[in-house]
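> Given next are the chains, with one letter for each unit.
Number of protein chains: 2
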Amino acid sequence: MRLAELSARSGVPTATIKFYLREGLLPSGERISATQADYGGEHLHRLRLVRALIQVGRMPVATAREVLAAVDDTELDQHSRLGIAAWSLPGPAQGPNPGEEDDAATQTARQEIDGLLEHLGWEEFGPGTPAYETLLHAVATLIRLGYPCEAPHLRRLAQIAAQVAEADLDLLEGLPSEVEQVEASVALTVLYEPVLLSLRRLAQAEESARRFGG
Amino acid sequence: MRLAELSARSGVPTATIKFYLREGLLPSGERISATQADYGGEHLHRLRLVRALIQVGRMPVATAREVLAAVDDTELDQHSRLGIAAWSLPGPAQGPNPGEEDDAATQTARQEIDGLLEHLGWEEFGPGTPAYETLLHAVATLIRLGYPCEAPHLRRLAQIAAQVAEADLDLLEGLPSEVEQVEASVALTVLYEPVLLSLRRLAQAEESARRFGG
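Listed in order, the protein sequences are those of chains S and E.
For the first sequence, UniProt numbering begins at 1 and goes up steadily by one.
For the second sequence, UniProt numbering begins at 1 and goes up steadily by one.
No lab work stands behind these hints, which were simulated from the structure alone.
Every residue gets a Cβ at the ideal spot worked out from N, C-alpha and C, and that includes glycine.
Errors might be hidden in some of the hints.
[Claimed, not checked] What follows is a list of derived Cβ distance ranges for each label pair:
1. E:LEU145 / S:LEU76: 18 to 28 Å
2. E:ARG155 / S:GLN107: 36 to 46 Å
3. E:ARG210 / S:GLY24: 30 to 40 Å
Isolated chain S (complex conformation) (with noise of 0.2 Å):
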């Protein structure tokens, strides 16, 4: 197919389609005159999963090139490339202010989350990758607050997490090939972030009807 019809297919603007060859993120087409290229199916492919990790995710474009890298290593095996992909996704919520990087409240949500992960055996993420940072901060701002976060709250709410976690991988699991995965396993992460949280909000009016209701 040529460019035209890709973007028609793929939703995406010829522009962006220009720039994601431009940048290396997308191979080229096979070239057919001065001025014209031809495309395949593995090209609308490598698209949805540019797109899911630049658009969906939020990913730089230097780092989408090093996630595509792990994705087309065939040393490497699926946990791997999911893994590589997973630990470069920008983490859900903005960083700490400045001034707050390292100060007496972080110290003790730092102390707080290491004690949790080694209770719950949690190795895979640890400080840097950015699930732990913002986990981290967010822990912080509870503290630096005066709200309440305690470490059986925080395993409490871990031991949900890994429920979601199982069903998403489940989820995962129902795709039919292994690029497919790892492009589902970045869209999915954060496609269904606001659909967790607003089932929590509806899920808390229906407990507070139960718990406070006349």
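Once you have looked at the hints, place chain E on chain S.
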């Protein structure tokens, strides 16, 4: 205490406190001279609530004024106060793009969500609430992009969300006063969102290691 001390003890800048006073979000202090007023512990508490609504919950000033009126209404029970605060809280994600407010994907999503809420017997927050509308547009986005989002999966996530809500309300019930509970209900709903999302990402990495790891 004077304005300067109220600012120091609350951590809210004096200019912001003056803005809250002008907007009627904070009651006036007791006037002790032509230019000075005296503030008490109730001002400190109310300031924390106003900050929870506006800064943490990103609630518009006019909406915050309505929530505060509900908190002060002695005719209302605690469930109604919590409900008005939670109902008014802006959704955890952006709304739909122009042209997507009522497209085919949104209509399918609406049917799916209404079926889900009926199945669960959840009837506190319906269409028009920020939580419902956020869920609607998140599910519509999944459908539009062709990602899996079937009813059994949503039901499974809703049941997990109900466990989070139980943990949330347990935390809230541990607080000593009703005003503190209303304040904390808004603040904790928002502040625990990045905690949940990052715990989910950490749990996904563990679950992926268990299923795909070597």
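> Using the Cβ atoms, figure out if ARG155 (chain E) sits within 36 to 46 Å of GLN107 (chain S).
This hint holds: roughly 41 Å between Cβ atoms.
> Does the Cβ distance between LEU145 (chain E) and LEU76 (chain S) fall inside 18 to 28 Å?
For LEU76 (chain S) against LEU145 (chain E), whose Cβ atoms are near 26 Å apart, the range 18 to 28 Å holds.
> Could you say whether the range 30 to 40 Å given as a hint is met by the Cβ separation of ARG210 (chain E) and GLY24 (chain S)?
34 Å, holds
Of the numbered hints stated above, none is contradicted by the structure.
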